[in-house]
Structures are given as C-alpha cells and as structure tokens.
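Here is how the chains run, residue by residue.
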Amino acid sequence: MYAGLWHILPGPWWLRVLLIVILAIAVIYGLFFYVFPWVSSTLLPQDVTVA
Amino acid sequence: MDDASSPLGTGTDEAAPQLRDRGQARPRRRASVVGILGEILITLGVVTLLFVAWQLWIGDVIYGAERGAQAAEQSELWQSEYEEHAEAAPQVTETPAPADATVDPVILAQPADAQIFGIMWIPRFGTDYHVNIAGGVTRANTLDPIGIGHYPGTQMPGEMGNFAVAAHRTTWGKPFNRIAEIHVGDAIVIETPDGWYTYRFRTLEYVQPSAIEVILPVPQEVGVSANDRYLTMTSCSPMYSMTERIVGYSAFESFTPRSAGAPASLTVAAA
Numbered sequence: 446m447y448a449g450l451w452h453i454l455p456g457p458w459w460l461r462v463l464l465i466v467i468l469a470i471a472v473i474y475g476l477f478f479y480v481f482p483w484v485s486s487t488l489l490p491q492d493v494t495v496a
Numbered sequence: 026m027d028d029a030s031s032p033l034g035t036g037t038d039e040a041a042p043q044l045r046d047r048g049q050a051r052p053r054r055r056a057s058v059v060g061i062l063g064e065i066l067i068t069l070g071v072v073t074l075l076f077v078a079w080q081l082w083i084g085d086v087i088y089g090a091e092r093g094a095q096a097a098e099q100s101e102l103w104q105s106e107y108e109e110h111a112e113a114a115p116q117v118t119e120t121p122a123p124a125d126a127t128v129d130p131v132i133l134a135q136p137a138d139a140q141i142f143g144i145m146w147i148p149r150f151g152t153d154y155h156v157n158i159a160g161g162v163t164r165a166n167t168l169d170p171i172g173i174g175h176y177p178g179t180q181m182p183g184e185m186g187n188f189a190v191a192a193h194r195t196t197w198g199k200p201f202n203r204i205a206e207i208h209v210g211d212a213i214v215i216e217t218p219d220g221w222y223t224y225r226f227r228t229l230e231y232v233q234p235s236a237i238e239v240i241l242p243v244p245q246e247v248g249v250s251a252n253d254r255y256l257t258m259t260s261c262s263p264m265y266s267m268t269e270r271i272v273g274y275s276a277f278e279s280f281t282p283r284s285a286g287a288p289a290s291l292t293v294a295a296a
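Here the protein sequences come in this chain order: A and B.
Reminder that position 23 of the first sequence reads as 468 in the numbering used here, one-by-one numbering, no gaps.
Reminder that position 44 of the second sequence reads as 69 in the numbering used here, one-by-one numbering, no gaps.
Don't take every hint at face value.
[What the hints assert, rightly or not] For each label pair, taking beta carbons as the anchor points, the in silico distance ranges come out as: (1) A:Pro490 x B:Ile87: 18 to 26 Å; (2) A:Tyr479 x B:Ala111: 37 to 45 Å; (3) A:Leu468 x B:Asp138: 33 to 41 Å; (4) B:Val77 x A:Ile467: 22 to 30 Å; (5) A:Ile467 x B:Ala94: 21 to 29 Å.
[As the list claims (entries may be wrong)] Chain B is faced by these chain A residues, among others (derived, beta-carbon under 7 Å): (6) Met446; (7) Phe477; (8) Asp492; (9) Val493; (10) Thr494.
These are computed hints drawn from the structure, not numbers from a lab.
All values derive from a computational prediction rather than experimental measurement.
Cβ coordinates follow ideal geometry from the N, Cα and C atoms, glycine included.
All chains, full assembly: derive it from the sequences and hints.
Written as structure tokens, this is what we have:
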C-alpha cells in the first residue's frame, strides 16, 4: 500500500518525501478538525448534566 | 486504500524494465494480501493513537484557545455595541451609578437553543478565563461547539431562583476542568449585554447523575419557592467518567450595569 503510494508519486525522492509530508499533514488536519470531533460527539458518551 | 492496489499491480510490470535499465539488481517485491492488511492495521493503530492524543490533549488545546477567543470577541462586540448606542443617543443620560451601588439586575429572557447570551469569567482560573454561555445543555448544539450550556427553564442571571449551567470537565476545551479548585468566596462573573452579575462561590457537592434537585430554584429543596439568587454549575465526576456529577453552588452578590464599567470582582485577581 505505502510502497504503491511511493511508486505513483512523481519526481525525484526529495519531491516524493515532500509530497508525502504534505499528504500526511492534510490527512491529520482532516482527522483533527472533522473526523475526530464527529467520532467524539456521536460515539463517545460524555454526560455532564443531571437528568 | 483501494486505489493503491491497482498502481501496485500495473506498476510492477511497467517498472521492471526500468529497474533493469538502471541497473538495480533487487526486483520490487510483490505486494501480498497479508502485507497490505498489515499496513492497514498499522495505519488504524496510528489513527487510534492520534485520536486518543487529540481527545485528551490536542483537542483541548485547539478548543480551549477557540473558546477564549470567541468569548473575548463576544465581550468586545457587546462593549462596542453599547458604546455605539451611548454615542447615538447621548440625550438619554443615565444617572451614573456609584461603584458600590446595588442596582436591580436586568433579567434576560430565556435564550433559544444554542443562542449565546452570556460569558462566564472566573478570575480564579486566570483573568483571561472567559467562556461563552448559550441556551440548552445538549452536547451537539451547545456543550461541544460553544462551551457552557444553560439548563432550559432554570432562571437567568440575577433572577430570583437558580441560574443552572453545565459544561465539560474534560475534553472539548474542558471549561469546568478546574471546578474543584474554586475557593469559597471566589467571584464567578456572568457578563451579558446589560452588564456583569457577580456571584460568590459557596460549596461543592457530588451527586448521582439523576439528582435533578440540584437545579431547582432552591438547590436540593423540593417544593420551596425561590428565596435567593443562586448559580449552579454541573459537570462530570470523576474526571473522564460519568458515574457521578460534581456540582458547584454560588450565591448572587451584585449586578453592575454596563454603564458603570467592569466590576472590581472581575479585575481583582483571586487571592
């Protein structure tokens, strides 16, 4: 999977490393600001109220 | 992940001559099903660890900063609105209230769900601690995205009875994280467009999650009509658990209208 990713990226090795870093940052950003808040809100019960 | 398999398959065939041309002796290994499965599992493990780090630490850094910035913005907005209003209608000269005046508090109407109507300041947590308060106590609409939620139907700041609010003690910016560290007599100030309502902290209590008596007009007193103005804060206890609730009670001290400027209770650092 990751070997395949490395293979389809264009350019010399340093460009591929740069692209992978950018991709990783984009994925982590998506996780932190969209996926994880959704998971926490919908799947993890955290009750702070009396009811 | 599914797109990775096809380039792998074709890539092996296309790459083989190139590799030989470049004189590299080692042929590319074929991606096995087990290998891909292993990479997926490692990825899921890393993502799970990232989630734990986000939930317990990074998310609080992000949301904590966001809460503070939103409340600061809200506070400045109300102040500038007030100043514009005061400039626009200078003929309405209100009698300037003395600093220690006991002014009847302005009572706001019940807010709509997720409508921001106040800001909570707790100098004990630092003079820069300020979090927005909005109507409703659902996680989806108020507690997760805004911060502090007002129990619908309980009284409003300064009103006879109980102004009851809830907030996270852990995660989501954790507005009430240090609720157990407030001292007796500490100021808890609620800012609204009209001014500042100063409450003084009285006591903490630990109750069952079903103890709705804590948000009654007189906390824990069933069937008693309001005799004073209280503030009740509820959060989870122990931290990272939901088995009990921690409840903080405060009693109303004074109302400072916006025309009189920020009260001393807000600016004096907690002793």
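So which of the earlier hints does this model not fit?
Per hint list: zero violations.
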